[in-house]
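Trainee: Protein chains in written order, with this note's numbering: chain D, 1 to 285; chain W, 1 to 285; chain Y, 1 to 285; chain V, 1 to 285.
Since the hints were made in silico from the structure, they are not lab data.
Just to be clear, a hint being listed does not mean it is correct.
Identical copies go unnamed one by one, so any copy, or any two together, can satisfy a pair.
[What the hints assert, rightly or not] Keeping only pairs whose Cα atoms sit at most 25 Å apart, straight-line, the calculated DMTMM-like set for lysine to aspartate or glutamate is:
1) Lys20 / Glu37
2) Lys20 / Asp158
3) Lys20 / Asp53
4) Lys20 / Glu268
5) Lys20 / Glu252
6) Lys20 / Asp130
7) Lys20 / Glu203
Spelled out, the chains give:
There are 4 protein chains.
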Amino acid sequence: MCRWMAWLGQPVLIDELLFKAQHGIVDQSLHARMGAEPTNGDGFGLGWYGVGDGPGIYRSVSPAWGDPNLRELAYHLESPLFMAHVRAAIGSPVQETNCHPFRHGQWLFVHNGYIADFHLLRRDLMLAIDPPLFAQVQGSTDTEVVFHLALTLGLEQDPIGALERTVGLIETAAGGHGITAAVQGSFGVSDGSTLWAVRYASEGPARSLFASADPSAIRHLYPDNERFQRLTDDDRLIVSEPFSDLPGVWHEIPQATAVTVHHGGVLEQRAFRPIATDSVSAPLR
Amino acid sequence: MCRWMAWLGQPVLIDELLFKAQHGIVDQSLHARMGAEPTNGDGFGLGWYGVGDGPGIYRSVSPAWGDPNLRELAYHLESPLFMAHVRAAIGSPVQETNCHPFRHGQWLFVHNGYIADFHLLRRDLMLAIDPPLFAQVQGSTDTEVVFHLALTLGLEQDPIGALERTVGLIETAAGGHGITAAVQGSFGVSDGSTLWAVRYASEGPARSLFASADPSAIRHLYPDNERFQRLTDDDRLIVSEPFSDLPGVWHEIPQATAVTVHHGGVLEQRAFRPIATDSVSAPLR
Amino acid sequence: MCRWMAWLGQPVLIDELLFKAQHGIVDQSLHARMGAEPTNGDGFGLGWYGVGDGPGIYRSVSPAWGDPNLRELAYHLESPLFMAHVRAAIGSPVQETNCHPFRHGQWLFVHNGYIADFHLLRRDLMLAIDPPLFAQVQGSTDTEVVFHLALTLGLEQDPIGALERTVGLIETAAGGHGITAAVQGSFGVSDGSTLWAVRYASEGPARSLFASADPSAIRHLYPDNERFQRLTDDDRLIVSEPFSDLPGVWHEIPQATAVTVHHGGVLEQRAFRPIATDSVSAPLR
Amino acid sequence: MCRWMAWLGQPVLIDELLFKAQHGIVDQSLHARMGAEPTNGDGFGLGWYGVGDGPGIYRSVSPAWGDPNLRELAYHLESPLFMAHVRAAIGSPVQETNCHPFRHGQWLFVHNGYIADFHLLRRDLMLAIDPPLFAQVQGSTDTEVVFHLALTLGLEQDPIGALERTVGLIETAAGGHGITAAVQGSFGVSDGSTLWAVRYASEGPARSLFASADPSAIRHLYPDNERFQRLTDDDRLIVSEPFSDLPGVWHEIPQATAVTVHHGGVLEQRAFRPIATDSVSAPLR
């Protein structure tokens, strides 16, 4: 299990959301409430858009709750769009190349969940990666392979469509090994302008995923909350689990759903339907 | 909060107790049951007596549950006497020099608990350390200072007495700052032959501490348990919290009590009574 | 031995000086030319003024040449005033709390060199630290003690004067132990507006220290160098060793000299003369 | 570039060879003399046979010269057969899964050198790995791929033959990409009883490799050297570069040569001739 969050809105000091939020992502690294396990202490990552070309990434194998550098960076970096991820490793080593977000050019990618029996599928799935991208896979997580499959299948042109094809391809490959509940989780993607998120499981309930409500509604609900009063209509959060229990602030994203957040706080929602691919050896390209 | 364990008995593969025990110390790093917090993920340490002069130490800032090197060492080191400690930092940095056990010559030292308002007392307490030992303090924990005070006050001649004088000195120094509940915790000490453990709090209940029962009683209680049948009369464990819920296997060490474990499994118990020292600037030496 | 650099001038992407400079500080971590040792691989630190209150710090125990996070940060942080330091440990542990720069409020501090026989002096020097500052010493380097002595002796009011008193105090304390060549090195200090640097050794030649020349002179000398043409009259560098062999670009700072760099590129130079303090136990405050 | 060493002989405290040898492997991590670069500071690994089943491995991303745990382990582990490796990364991340030795069951594997243009060949070579072994590749080095190819091609039955087939396969695959000088380096292999070493380059001189001379000859040459007098006829070292300049102690292993060291100090030498494999997609199995 892992936890992630993404912010798209006015430029904020990252600290505001990582450390100042009551039950923010750093608190979730130690005390997650909605996952299979409360502890997400096997490294973390922060990807942000700001100064310099493309997104910056800070990844560490330390638990997020105890890393002094994360606290420093959060307090001295401002960004209108960033993603943070805290990791609970399930099998693959605790190393920076296994920490999310993963990056390709302008793109960032995070995941909470897993590919079932990944050790059985890893070879087939890596063969389906566009060969020139193969050597870019530096770690050993399922997520990095999913990301490179999605890049292979058109992520940069159509993020949701590419993820539907990717999940379809994985389910097909898994089926060939007799694995049914192949894909579990939530995915987050950004190119620096737009934010996409998917909640999906091949079988049973998918990992939790929430979007912050319309800021004007939040301000109206909690007129005395100073932090909320600073929210503008541009501001949206997507999170694995809410930062607070306040009613009306968080909307659960339904199962098998994809969400798109545009600048200006506009949030679109549609069904997420995997597109089966009948052959791993001939991926759509 | 932290958790620790100590073994004195027949030489065993360390793995047997660190990883194979149902709720061993590594499991406690992720899921402690009896502490203020379930997570002890801010580094760990292992000190063992075996090949080579004096005790060896392996310390790491990684959580114990995810460190592949700890697993390797545990599986390839055999020892008749070792201590392991998993840390939950409360204020001081996560760094190897803050990980227990601390060492001086043949001696190892671990602690679960704290010195209250240590930042107020640190200078006074460090001044009370025997000057030639001062430069050996490499980290910034309260425990390392306690250890060097105890060395100053005769740990190598009379471990329990030195700890009584040390706790008395700390309580006196704390009193001067208006701090009442100065010392909290359990302490473990060894010189490679004998094992000493103390449970004590200046005020209120002290951190939990348990000793394994007489091995013959354990074997009798659980005749079908293969692991228990391998226990000899030499074998004793001291632990922050039991490795299992089995009745009759673990005896709680009472409040304000010191325990001595000799080779041969002999366990002695006596009251632990801090010896007040009226001046920090003139420690008993 | 260590190496450090400081920039005061127009806001630049830190990458420009850390990685793009031909023989910049990261290259010096692997291939220093002017020090006792070519390798400065025992951790590093970056302190910068920019977004957020006070300076940010990123410190790591990895060698600077191989740390992917440093590369990321350098490429995504812009600052008008920053300091970087690569460390070659001589005795004290490789841990983040021993990495420079050290910080106190708005102040940053770096050092290349050593206090001779520091283990003999550590206690005396720590006793001379203003008691409320004592608990802030988190690591075990001589430099952190020097910094806290300087804070005790007025760094925030008069940086150069405080360093003269600090060095005098150390030399006096060392004399009491029969140590003559007590202080060796170069020091860098900043409050976010001004930059101070000192080159001094109690005996023999001090560690090397250089300032970049007047930018207009540099531009005039190298009219075809694009990077140099971007220099404005505000820009100044202080470095342990030059980033290039180009004549006219770097001026050696003389022995026993203090330099002050103000905004606008103004560089003042004066003699550095330690002020002896006759008693460690009664520091000037 | 990297440096490695292997010991087969009487059980020794690992410290004797890692730290006590004048120019041992830890000194080579900071000051190698025979490689392209003096610094091998991008992690290290130690693999040893001793207590417990199979070899133990300790790997770290710290430079070997500054890792306190390595010093501890070396001083408290005794082994009749061990390998140590210090790494200079050339492209792939500094992470434990990229540190040598690599392990499979009873087998250990180290390498000094590289596969040229590995990013171009990585996919082809990984496809040639026996599919059930594919998921065991945890890092991103060329060496780990070479090891798994050698396992695919019979390492456990015929180590030298399998390496000849592996090198042949790599050279064939490289030829298909127009790469000529594909393989460079020295390789070390052990199963816990025997030690094999290979020195080979597809083009030009291969990385240096030396074997210690017959112990009786060494004792005879240096009758006053206490350490040498402790050598028995069982003892042999294979090293990337000699631990000393003493004449008669080290024999250079010729280019394109494989060496086998049996218990009892018996050293056999034969030509190493890659066996071309015409198709990557149909490896010899």
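Trainee: The structure should be examined with respect to each hint, and the outcome stated for every one.
Mentor: Hint by hint, here is what the structure shows:
1. For the homomeric pair Lys20 and Glu37, the shortest alpha-carbon distances inside one copy (23 Å) and between copies (21 Å) are both at most 25 Å.
2. For the identical chains of this complex, Lys20 and Asp158 are neighbours neither inside a copy (35 Å) nor across copies (36 Å), given an alpha-carbon limit of 25 Å.
3. In this assembly of identical chains, Lys20 and Asp53 lie within 25 Å of each other by CA distance solely across copies; the values are 15 Å between and 28 Å within a copy.
4. For the identical chains of this complex, Lys20 and Glu268 are neighbours neither inside a copy (28 Å) nor across copies (43 Å), given an alpha-carbon limit of 25 Å.
5. With identical chains, the CA atoms of Lys20 and Glu252 are at most 25 Å apart within one copy only, with a shortest distance of 22 Å there and 41 Å across copies.
6. Proximity of Lys20 to Asp130 under the C-alpha cut-off of 25 Å is found in neither arrangement, the shortest distances being 42 Å within a copy and 32 Å between copies.
7. For the identical chains of this complex, Lys20 and Glu203 are neighbours neither inside a copy (36 Å) nor across copies (34 Å), given an alpha-carbon limit of 25 Å.
Hints 2, 4, 6 and 7, counting from the list given before, are not met by this structure.
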